[in-house]
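Colleague: Taken in order, these protein sequences are the chains called A and B. The numbering of the first sequence is my numbering, which starts it at 440 and goes up by one. The numbering of the second sequence is my numbering, which starts it at 101 and goes up by one.
If you are wondering where the hints come from, they were derived from the structure by calculation, not from laboratory data. Glycine residues also receive a C-beta, built at the ideal position from the N, C-alpha and C atoms. Among the clues, some could well be false.
Said to hold, decoys possible - Here are the computed distance ranges between Cβ atoms for each label pair:
no., chain 1, residue 1, chain 2, residue 2, range
1, A, Lys-514, B, Ser-191, 13 to 21 Å
2, B, Leu-116, A, Glu-521, 48 to 56 Å
3, B, Lys-255, A, Ala-590, 14 to 22 Å
4, A, Glu-521, B, Glu-146, 53 to 61 Å
5, A, Gly-642, B, Glu-146, 47 to 55 Å
6, A, Leu-631, B, Phe-166, 50 to 58 Å
7, B, Met-204, A, Ala-590, 20 to 28 Å
8, A, Asp-628, B, Ala-142, 19 to 27 Å
9, B, Arg-240, A, Asn-573, 36 to 44 Å
Claimed, not checked - Which stretches of chain A does chain B cover? Using the computed rule of at least three CB atoms under 8 Å from a CB of chain B, they are:
no., stretch
10, 500-506
11, 521-528
12, 587-598
13, 602-611
14, 615-625
Unchecked claim - Short, incomplete list of chain A residues facing chain B, as computed with Cβ under 7 Å:
no., residue
15, Pro-470
16, Lys-471
17, Asn-494
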Amino acid sequence: MLYNVHFGIYVDVAMSVEDKSKSLLPFLSSPKLLPDESEAEFQSDLQSLLSELDNPSPLAVVLISQLNECLWWIKRHTVDKELLLHEAMARLLSREGTNWMGSGNSKLSVALEHYLEGSAHKDEADLIEEALINANLTLSDLRARAFKDVARHIKMVDDLIHRQHQTIRHLQRSIDSIDYKSRLIKRMDLELAALESKQSMKGVLSLDDEPS
Amino acid sequence: MTMNHRRSLANRCNALKSTGPRSVTGKRSSSQNSRKHGLNTAPDFESSSEYRVLFDLIAEEGFSTFACADIATGLLNYRRVMDAYYDTYTSPEPVDEFLRDANMKASNPVFRELLSPSGSEPQDVREMASFFASMQRQERRKGGPVSRRSSDTHKLIRYQRNGISRLSRAVRQG
C-alpha cells in the first residue's frame with residue numbers, strides 16, 4: 440500500500456507545476472473573471488501561490504486555485520465597498536438637487552465617479568460642484584451622509600469578505616493536511632529505505648562472517 | 101376517529117392557516133425562489149465526467165475509495181456554489197430607473213387624468229398613487245446595481261459555508 444501511495448506521488452512529483460494545473464483544466468475550466476479583469480494576472484497570482492508549496496499534489500493544486508479565487512473575491516468586494524459609497528453619494532446629490540424628476544441621475548453618477556477619481560472633464564467637475572452648492576454640502580459631508588445611508592449594504596459586503604477569509608482558512612487547513620500527509624509518507628519511505636539498507640548491510644556482514 | 105387521523109386533520113387545518121407568504125411582495129419574492137440559483141436542488145455529481153477525473157486524480161494520492169468519493173463530491177459541490185455566486189454577482193436585478201426617479205407628487209394629475217374617463221373617485225387616484233409610492237420605496241430600498249449584487253450575493257453565504265465545511269472535512273478526514 441505504501442509503495443502504491445509512494446508511486447502515485449512520485450508520478451505526480453515528476454510533473455511541473457504548470458503541467459499539474461493544466462491537467463486539471465477539464466475540472467477547473469477557465470477562471471470566471473469580470474470583463475475588466477486580466478486572466479494573465481489571475482494566472483500569475485495562481486502560479487506564485489503554487490510556487491510557495493514544495494511539489495504540490497494535484498489535489499493541492501485544485502485547492503490552491505480555489506484559494507486564489509477567494510483572494511480575487513476579496514479584492515472585488517473591497518472595490519464594491521467604495522462603489523457603494525459612490526453610488527449613495529450620487530443618489531444623495533441627485534435627490535438634494537433641483538433636477539429631481541429628470542434622467543440626470545446616471546449622468547451625475549458618472550460625473551461623480553470621474554470627479555472622485557480625479558479624471559473629470561471641466562463640465563463634469565462643474566456639474567458636481569454645482570450640485571454640491573445646490574445641496575449645500577461639502578464632499579466630506581456628502582461622503583458621511585452616504586455612508587450612513589448605505590451602512591446596511593457595507594455591512595453585507597463586510598460579511599462577504601469575512602466569509603471569503605473563513606473559506607481561505609478552511610482551504611489552508613485542507614492544504615496543510617495534504618502536505619503533512621505527503622511529508623509523512625516521504626519520511627516513512629526514507630525510514631524504510633534506511634532500514635532496507637541497514638538490513639542489506641547486515642546481510643553482507645553476516646555473509647562475510649559465515650566462512651569463519 | 102383515531103388519534104392519528106385527528107392529529108393529521110389538525111395538522112392540515114393548521115397548515116392551511118399558517119404556511120406561505122401573505123403579502124403581495126412576499127408572494128412575488130417567494131415565487132422566484134427556485135429560479136435564482138438552483139442550489140436547493142439535489143445534484144447528481146457521480147454521473148458527471150468531472151467526478152471521474154477528480155476521483156482518479158485523488159485516488160492517485162492514496163486516499164481510500166470513500167474519501168475519494170467524499171472529496172470529489174465536496175469539490176464539485178463547492179464549485180457549483182461558487183459558480184452560482186459568480187452568476188448572481190454578475191447579473192443583479194436591473195434597476196428600474198423610471199420608477200426610482202419618478203416624482204410621485206407630480207404624477208398625481210397624470211393618474212387623475214388616466215382614471216377620470218371611468219368616472220373614478222379621488223379615492224381611486226389616492227390608492228393608485230400610494231401603490232406607486234410603495235413600489236418606488238421598495239425600488240429605492242434595493243439601491244443601485246452594486247447594492248443589489250451585494251445583497252443578492254449575501255444570500256449565498258450559507259451555501260458557501262456549508263460547501264467549504266463539507267470539502268474541508270472530507271479532505272482532513274480522508
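Colleague: Work down the list of hints and note, for each, if the structure agrees.
Modeller: Evaluated hints:
no., hint, in the structure
1, A/Lys-514 to B/Ser-191: 13 to 21 Å, "holds, 20 Å"
2, B/Leu-116 to A/Glu-521: 48 to 56 Å, "holds, 49 Å"
3, B/Lys-255 to A/Ala-590: 14 to 22 Å, "holds, 19 Å"
4, A/Glu-521 to B/Glu-146: 53 to 61 Å, "violated, 44 Å"
5, A/Gly-642 to B/Glu-146: 47 to 55 Å, "holds, 50 Å"
6, A/Leu-631 to B/Phe-166: 50 to 58 Å, "violated, 26 Å"
7, B/Met-204 to A/Ala-590: 20 to 28 Å, "holds, 26 Å"
8, A/Asp-628 to B/Ala-142: 19 to 27 Å, "violated, 42 Å"
9, B/Arg-240 to A/Asn-573: 36 to 44 Å, "violated, 20 Å"
10, 500-506, "holds (count 3)"
11, 521-528, "holds (count 4)"
12, 587-598, "holds (count 5)"
13, 602-611, "holds (count 5)"
14, 615-625, "holds (count 5)"
15, Pro-470, "violated, 10 Å"
16, Lys-471, "holds, 5 Å"
17, Asn-494, "violated, 12 Å"
Comparing the model with each earlier hint shows violations of hints 4, 6, 8, 9, 15 and 17; every other hint is respected.
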